[in-house]
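Peer 1: Sequence:
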Amino acid sequence: MEASRWARVAEQKLPSGYEGFYAPGLDLIVLDSRLTDVQRRCVLAHEISHARHRDAGCRCDRWAERRADIEAAAMLISPLEFAYAEAVYDGNIMGMARELNVLPWVISAYREHLHDNPNLVVQ
4 MEASRWARVA EQKLPSGYEG FYAPGLDLIV LDSRLTDVQR RCVLAHEISH
54 ARHRDAGCRC DRWAERRADI EAAAMLISPL EFAYAEAVYD GNIMGMAREL
104 NVLPWVISAY REHLHDNPNL VVQ
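First residue of the sequence shown: 4, per the working numbering; consecutive thereafter.
Wrong hints could be hidden among the right ones.
Pairwise CB distance ranges, derived in the manner of DEER restraints [what the hints assert, rightly or not]:
(1) Glu5 with Arg69: 14 to 24 Å
(2) His118 with Asn95: 16 to 26 Å
(3) Pro82 with Pro107: 14 to 24 Å
Below are the SDA-like pairs computed for lysine to any residue, each with C-alpha atoms no more than 25 Å apart in a straight line [as the list claims (entries may be wrong)]:
(4) Lys16 with Arg37
(5) Lys16 with Trp108
(6) Lys16 with Glu5
(7) Lys16 with Gln42
(8) Lys16 with Val41
(9) Lys16 with Leu47
(10) Lys16 with Thr39
(11) Lys16 with Arg43
(12) Lys16 with Pro27
(13) Lys16 with Val46
(14) Lys16 with Ala26
(15) Lys16 with Leu31
(16) Lys16 with Leu29
(17) Lys16 with Pro107
(18) Lys16 with Arg55
(19) Lys16 with Pro82
(20) Lys16 with Asp35
(21) Lys16 with Ala6
(22) Lys16 with Gly28
(23) Lys16 with Asn104
(24) Lys16 with Ser36
(25) Lys16 with Ala59
(26) Lys16 with Asp30
(27) Lys16 with Asp40
(28) Lys16 with Leu38
(29) Lys16 with Asp58
(30) Lys16 with Arg44
(31) Lys16 with Ile96
Hints in this document: simulated from the structure, not taken from any laboratory. No residue lacks a Cβ here, since even glycine has one placed at the ideal position from N, Cα and C.
Work out the full structure, taking the sequences as your base and the hints as a guide.
Peer 2: In structure tokens, the structure reads:
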């Protein structure tokens, strides 16, 4: 992921309940400095989507959040990797997430991505 193409990235301790945010006026993505590597990777991809679309403010509308989740999933997972993990873990979200080095919400978002783009399904 090339975050610098869309915004600068900084880390600091954020209030409880916040893992990261995009500040559109500053072209800045801020991530909580306490995130694990997997959390950081997933949250950064989500916030890159917000930066790409110049979404306004934290916790914008549900549509923008859904789009950011789906775009993050597409950035982090390839169709072949997903197909492999799905076969090995028989569709178990937790197993697939561990295998693909992502959070479980990314697996759910990738499934939405596949639903919306049937040409990506590996047979």
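Peer 1: Next step is simple, just say for each hint if it's right about the structure.
Peer 2: Outcome of the hint check:
no., hint, result
1, Glu5 with Arg69: 14 to 24 Å, "holds, 23 Å"
2, His118 with Asn95: 16 to 26 Å, "holds, 18 Å"
3, Pro82 with Pro107: 14 to 24 Å, "holds, 19 Å"
4, Lys16 with Arg37, "holds, 7 Å"
5, Lys16 with Trp108, "holds, 23 Å"
6, Lys16 with Glu5, "holds, 23 Å"
7, Lys16 with Gln42, "holds, 14 Å"
8, Lys16 with Val41, "holds, 17 Å"
9, Lys16 with Leu47, "holds, 15 Å"
10, Lys16 with Thr39, "holds, 13 Å"
11, Lys16 with Arg43, "holds, 13 Å"
12, Lys16 with Pro27, "holds, 19 Å"
13, Lys16 with Val46, "holds, 14 Å"
14, Lys16 with Ala26, "holds, 16 Å"
15, Lys16 with Leu31, "holds, 15 Å"
16, Lys16 with Leu29, "holds, 18 Å"
17, Lys16 with Pro107, "holds, 23 Å"
18, Lys16 with Arg55, "holds, 24 Å"
19, Lys16 with Pro82, "violated, 34 Å"
20, Lys16 with Asp35, "holds, 5 Å"
21, Lys16 with Ala6, "holds, 20 Å"
22, Lys16 with Gly28, "holds, 20 Å"
23, Lys16 with Asn104, "holds, 23 Å"
24, Lys16 with Ser36, "holds, 5 Å"
25, Lys16 with Ala59, "holds, 21 Å"
26, Lys16 with Asp30, "holds, 19 Å"
27, Lys16 with Asp40, "holds, 15 Å"
28, Lys16 with Leu38, "holds, 9 Å"
29, Lys16 with Asp58, "holds, 22 Å"
30, Lys16 with Arg44, "holds, 17 Å"
31, Lys16 with Ile96, "violated, 29 Å"
Checked against the numbered hints given earlier, this structure breaks hints 19 and 31; the rest are met.
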